[in-house]
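Let the sequences and hints guide you as you build the complete structure.
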Amino acid sequence: AQSVAQPEDQVNVAEGNPLTVKCTYSVSGNPYLFWYVQYPNRGLQFLLKYITGDNLVKGSYGFEAEFNKSQTSFHLKKPSALVSDSALYFCAVVGTMDSSYKLIFGSGTRLLVRP
Amino acid sequence: NAGVMQNPRHLVRRRGQEARLRCSPMKGHSHVYWYRQLPEEGLKFMVYLQKENIIDESGMPKERFSAEFPKEGPSILRIQQVVRGDSAAYFCASLHPTGRRTGELFFGEGSRLTVL
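Sequence lines, in order, name chains A and B.
Note that our numbering has the first sequence beginning at 7, numbered continuously upward.
Note that our numbering has the second sequence beginning at 9, numbered continuously upward.
Be careful, since some hints might not be right.
[Said to hold, decoys possible] Derived SDA-like pairs: lysine to any residue, alpha-carbon spacing no greater than 20 Å straight-line:
1) B:Lys52 / A:Pro46
2) B:Lys35 / A:Ser113
3) B:Lys52 / A:Asn47
4) B:Lys35 / B:Asn61
5) B:Lys52 / A:Asp104
6) B:Lys52 / A:Ser34
7) B:Lys59 / A:Ser113
8) B:Lys52 / A:Ser32
9) A:Lys55 / B:Gly107
10) A:Lys64 / B:Gly111
11) B:Lys59 / B:Glu80
12) A:Lys28 / A:Asp104
13) A:Lys28 / B:Gly50
14) A:Lys55 / A:Asn23
15) B:Lys35 / A:Phe52
16) B:Lys52 / A:Ser105
17) B:Lys70 / B:Gln88
18) B:Lys52 / A:Tyr45
19) B:Lys59 / B:Pro78
20) B:Lys52 / B:Ile62
21) B:Lys52 / A:Gly49
22) A:Lys55 / B:Lys70
23) A:Lys55 / B:Asn61
24) A:Lys28 / A:Gly65
25) B:Lys52 / A:Ser113
26) B:Lys52 / A:Ala11
Just so you know, the hints here were simulated from the structure itself, not pulled from any lab data.
No experiment lies behind these values; they were computed from the predicted model shown.
Next comes the structure, spelled out in structure tokens:
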């Protein structure tokens, strides 16, 4: 079965500091990995994805994520956090063995960036 | 190009009533997914549809829930005889057929159902 774990319910960082939001996954076959962000009372917005190729993926708003196959991780990072980055972040995975291509989401991590 | 449109954005129902949630995918997108988000939780897959076909309903509750995506018109998620536990945000997402597997899903703003 496919699953995603986001071990931290909340991450607190000061503005200007680097941030990391953790994600590990379990799938059959190779993973396709995604990060989405959700602002209050809104839908999910796509940030970035890993399909194949370079393990370091760059996405929207200065975010990047690193795929680590041996650790089955896909942590989201940003070198310098902004207060406006405060939101709910979801990691998601699709297993290549899944013919429905349904994204399986983690439980989410709330990022709070303090001024 | 309009995004994924969901309506109503907010819906209040009393226990035992029916709820109908509608989703119009992005133009050219023929794949629709429905997800449910309970308060303070992640998104749980419910059903995946293509035009006139249910492809994967492995996440749908066995009773009271149904979904359709007709040849014309929006996709509809129908909940009969709602109970308080159905209170949640229901999100629709669409995918272009060429984006299968590697394309990202585009999400609507969600429909927030409250059952009194």
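These are the hints, each one checked on the structure:
1. B:Lys52 / A:Pro46: holds, 18 Å
2. B:Lys35 / A:Ser113: violated, 30 Å
3. B:Lys52 / A:Asn47: Holds - the C-alpha atoms of Asn47 (chain A) and Lys52 (chain B) are around 17 Å apart, at most 20 Å.
4. B:Lys35 / B:Asn61: holds, 18 Å
5. B:Lys52 / A:Asp104: Given pair Lys52 (chain B), Asp104 (chain A) holds - Cα atoms ~16 Å apart, limit 20 Å.
6. B:Lys52 / A:Ser34: holds, 19 Å
7. B:Lys59 / A:Ser113: It is violated: about 30 Å lies between the C-alpha atoms, which goes past 20 Å.
8. B:Lys52 / A:Ser32: holds, 16 Å
9. A:Lys55 / B:Gly107: holds, 13 Å
10. A:Lys64 / B:Gly111: Within the cut-off at roughly 16 Å; holds.
11. B:Lys59 / B:Glu80: holds, 8 Å
12. A:Lys28 / A:Asp104: violated, 24 Å
13. A:Lys28 / B:Gly50: Since the Cα atoms of Lys28 (chain A) and Gly50 (chain B) sit roughly 15 Å apart, the hinted pair holds (cutoff 20 Å).
14. A:Lys55 / A:Asn23: Given pair Lys55 (chain A), Asn23 (chain A) is violated - Cα atoms ~23 Å apart, limit 20 Å.
15. B:Lys35 / A:Phe52: Status holds; Cα separation ~18 Å.
16. B:Lys52 / A:Ser105: Satisfied, since the Cα-Cα distance of roughly 18 Å is no more than 20 Å.
17. B:Lys70 / B:Gln88: holds, 12 Å
18. B:Lys52 / A:Tyr45: The hint holds at about 18 Å.
19. B:Lys59 / B:Pro78: Distance of about 6 Å is within 20 Å: holds.
20. B:Lys52 / B:Ile62: holds, 17 Å
21. B:Lys52 / A:Gly49: holds, 14 Å
22. A:Lys55 / B:Lys70: Distance ~33 Å between Lys55 (chain A) and Lys70 (chain B) Cα, so the pair is violated.
23. A:Lys55 / B:Asn61: Roughly 28 Å separates the two Cα atoms, so the pair is violated.
24. A:Lys28 / A:Gly65: holds, 16 Å
25. B:Lys52 / A:Ser113: Satisfied, since the Cα-Cα distance of roughly 9 Å is no more than 20 Å.
26. B:Lys52 / A:Ala11: Given that 20 Å is the threshold and the Cα spacing comes to 14 Å, the pair holds.
In terms of the numbered hints stated before, the structure departs from hints 2, 7, 12, 14, 22, 23, listed from lowest to highest.
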